[in-house]
Amino acid sequence: MKAPVFTPLYTIIHKELIRIIRIWPQTLLPSVITTSLYFLIFGSFVGSQIRDIEGISYMQFIVPGLVMMAIITNSFMNVVGSFFGAKFGKSIEELLVSPTPNWVIVWGYVVGGIIRGLGVGVLVLIVALAFTKLEVMNIWAVLLFSILTATVFSLGGLLNAIFAKKFDHTAIVPTFVLTPLTYLGGVFYSVNALPEFWQNISKANPILYMVNGFRYGFFGVSDVSIQVSVVMLVMLVLVLSITDIVLLRRGVGLRS
Amino acid sequence: MSDVALEIKNLYKTYKDGAVKALNGVDLTIYKGEIFGLLGPNGAGKSTLINVLTTLANKTSGDIVINGLDFEKFPSEAKTYLGVVPQEFNFNWFEKVEDIVIQQAGFYGMPAGEAKERAEILLKRLGLWDKRDTVSMKLSGGMKRRLMIVRALIHKPEILILDEPSAGVDVDLRREMWEFVRELNQEGVTIILTTHYLEEAENLCDRVGIINKGNILEVGTVKELLSELKKDTLVLDVVGAVKNLPERYRVIEEGRLETDLLQGEDLYTITNELHSKGLRVTGIRNKTNRLEEVFINKVSQ
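In order, the protein sequence lines correspond to chains A and B.
For the first sequence, counting from 1, position 203 maps to 203 in this note's numbering; every step adds exactly one.
For the second sequence, counting from 1, position 22 maps to 22 in this note's numbering; every step adds exactly one.
In short, the hints are calculated from the structure, not lab data.
Even for Gly, the Cβ is constructed at its ideal location relative to N, Cα and C.
Hints may contain errors.
Derived DSS-like pairs: lysine-lysine, alpha-carbon spacing no greater than 30 Å straight-line [said to hold, decoys possible]:
{"hint": "1", "chain 1": "A", "residue 1": "K87", "chain 2": "B", "residue 2": "K116"}
{"hint": "2", "chain 1": "B", "residue 1": "K21", "chain 2": "B", "residue 2": "K277"}
{"hint": "3", "chain 1": "B", "residue 1": "K223", "chain 2": "A", "residue 2": "K90"}
Now the stretches of chain B that chain A is said to cover, found in silico as 3 or more residues with beta-carbon under 8 Å [unchecked claim]:
{"hint": "4", "segment": "46-57"}
{"hint": "5", "segment": "75-85"}
Pair ranges (Cβ atoms, derived) [stated by the list, open to error]:
{"hint": "6", "chain 1": "A", "residue 1": "I23", "chain 2": "B", "residue 2": "D130", "range": "22 to 30 Å"}
{"hint": "7", "chain 1": "A", "residue 1": "I147", "chain 2": "B", "residue 2": "V4", "range": "45 to 53 Å"}
{"hint": "8", "chain 1": "B", "residue 1": "Y31", "chain 2": "A", "residue 2": "R255", "range": "43 to 51 Å"}
{"hint": "9", "chain 1": "A", "residue 1": "H169", "chain 2": "B", "residue 2": "R285", "range": "54 to 62 Å"}
{"hint": "10", "chain 1": "B", "residue 1": "D170", "chain 2": "A", "residue 2": "R255", "range": "43 to 51 Å"}
{"hint": "11", "chain 1": "A", "residue 1": "R255", "chain 2": "B", "residue 2": "K9", "range": "15 to 23 Å"}
{"hint": "12", "chain 1": "B", "residue 1": "S140", "chain 2": "A", "residue 2": "V32", "range": "34 to 42 Å"}
{"hint": "13", "chain 1": "A", "residue 1": "S225", "chain 2": "B", "residue 2": "G113", "range": "34 to 42 Å"}
{"hint": "14", "chain 1": "B", "residue 1": "K124", "chain 2": "A", "residue 2": "I41", "range": "28 to 36 Å"}
{"hint": "15", "chain 1": "A", "residue 1": "R255", "chain 2": "B", "residue 2": "V171", "range": "42 to 50 Å"}
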């Protein structure tokens, strides 16, 4: 007898999807409102005073970064919120007592995070089109970087949820790690405009590679190597997947 | 095919680097088709044992075999035989009753169509069909308990584990639950329940195990355990003037006596003796639940 895979995986993803839709004012709306304000203030008001960056208007330049910011935040928050909520309310036990393999649990939640991350990303992109024109130079780069980034941060959200013991712990990483790294990851500026020292410091920030890879898909320009960015993202997916699965198997934060 | 549903060998569970021994070398065999009750005071290790069986707690050492499958080697396969009703409500409070049940079926690999059909049967059987679209947090306590049973049964488990099933439920629901458990057992489901209601164990269980401080102290049929009692203390309602009674009778209040019936002694001896003293016996009952006496004797040893 083999452990069931497809049906449990589908069930977890479906459950996550229903949750995203059920509480859409919490899951879909906030990022759309926030990024609309970014476009309005930084793009229209401030951006009109800033010269083009590598031949791209400032408004256009910030769009990929803001979409990526929405993907990062939402994929992370979806998994950390949903998994920790299930852990806190003990409904995670429904899964733990079932024959669902650990890797299916991990990927069920991660796919849920990817769906929300990409869904919100698309909504933000639609909002951006109200402010500026956009052309896609390389659709595969856009898809690859958005999916890999959503995957990395969904896996990261799960890792956070596994270790979190109270709701406060689910806010520490987004507040003190994700937000600073995102703002310093070239969302609003090109790192080439920084002094060399700060350029080198910025290159230690993984979000810089994600934002630039995604931006490359739209404009064909990037501050960093696209190949390095892809390899780094794939490595992060592998390392985080294995870590999450091993932690779940050991029962860290879940089993006494 | 073996008639053993569950075999636990030398099971240990310790906390705090071995300082706290929650399970201390538990050996237990539960046979197919029986209702087995695990009795013990609070903190005895009942829930820890259930949690280890259902993988909600990691064992420290020992073996668990379910329907011939080593739990450590075949965890997913072994889990398909188990249905679990935990002590605390552990479903998502924001989800609808039917969704909770169908999702659980999905976790066990049951296709949606089959899950829907089975959910309908079980929800109707436990009187929750009208509440299928209700968000679970809006159910009454008894309904929540029944929802947990439906959820545990959705994948047709061969062994149903009930951790304190009647904790916090009213008398009517408790009786209903007993009836339902008996029906399930007649349909071939092996039942393992933990309880500290001795009445529940006496009424429902084929065999009982007494656990205390992580050790199984005694296992046997209710009849076997009761046979260990050397005497029963009886309360007698009598009519007539109580005077010049032998020493074995203690007067509790007017019209009510207490006496010990020794093992093998005939009840007729007592009624006859009282009749000869001019008393009419109008009622006889045990002073305490008989299993309770055995239980207290065991755990206080």
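Consistency of the hints with the structure:
Only pairs whose Cα atoms come within 30 Å are accepted, and K87(A) paired with K116(B) is accepted, the gap being roughly 26 Å. About 56 Å separates the Cα atoms of K21(B) and K277(B), which puts this hinted pair outside 30 Å; it is violated. Restraint check for K223(B) and K90(A): not satisfied, since their Cα atoms lie roughly 39 Å apart, outside the 30 Å limit. Only residues whose beta carbon comes within less than 8 Å of a beta carbon in chain A count, and the segment 46-57 of chain B has 5; three or more means the coverage holds.
Interface restraint, the segment 75-85 of chain B with chain A: holds (7 residues with C-beta to C-beta distance below 8 Å; minimum three). Against the hinted window of 22 to 30 Å, the Cβ-Cβ separation of I23(A) and D130(B) comes to about 26 Å, which satisfies the hint. In this structure the supplied range 45 to 53 Å holds for I147(A) paired with V4(B), their Cβ-Cβ distance being about 49 Å. Separation of Y31(B) from R255(A) is about 28 Å and departs from the stated range, judged on CB atoms against 43 to 51 Å.
Between H169(A) and R285(B) the beta carbons are some 56 Å apart, a value that agrees with the proposed interval 54 to 62 Å. The hinted window of 43 to 51 Å between D170(B) and R255(A) is violated, with their beta carbons roughly 33 Å apart. For R255(A) paired with K9(B), a C-beta distance near 21 Å keeps the hint of 15 to 23 Å intact. As the Cβ distance of S140(B) to V32(A) is approximately 40 Å, the hint placing it in 34 to 42 Å holds.
Separation of S225(A) from G113(B) is about 50 Å and departs from the stated range, judged on CB atoms against 34 to 42 Å. Distance hint check for K124(B) and I41(A): the Cβ-Cβ separation is about 58 Å, which falls outside the suggested range of 28 to 36 Å. Between R255(A) and V171(B), the C-beta spacing of about 35 Å breaks the proposed range 42 to 50 Å.
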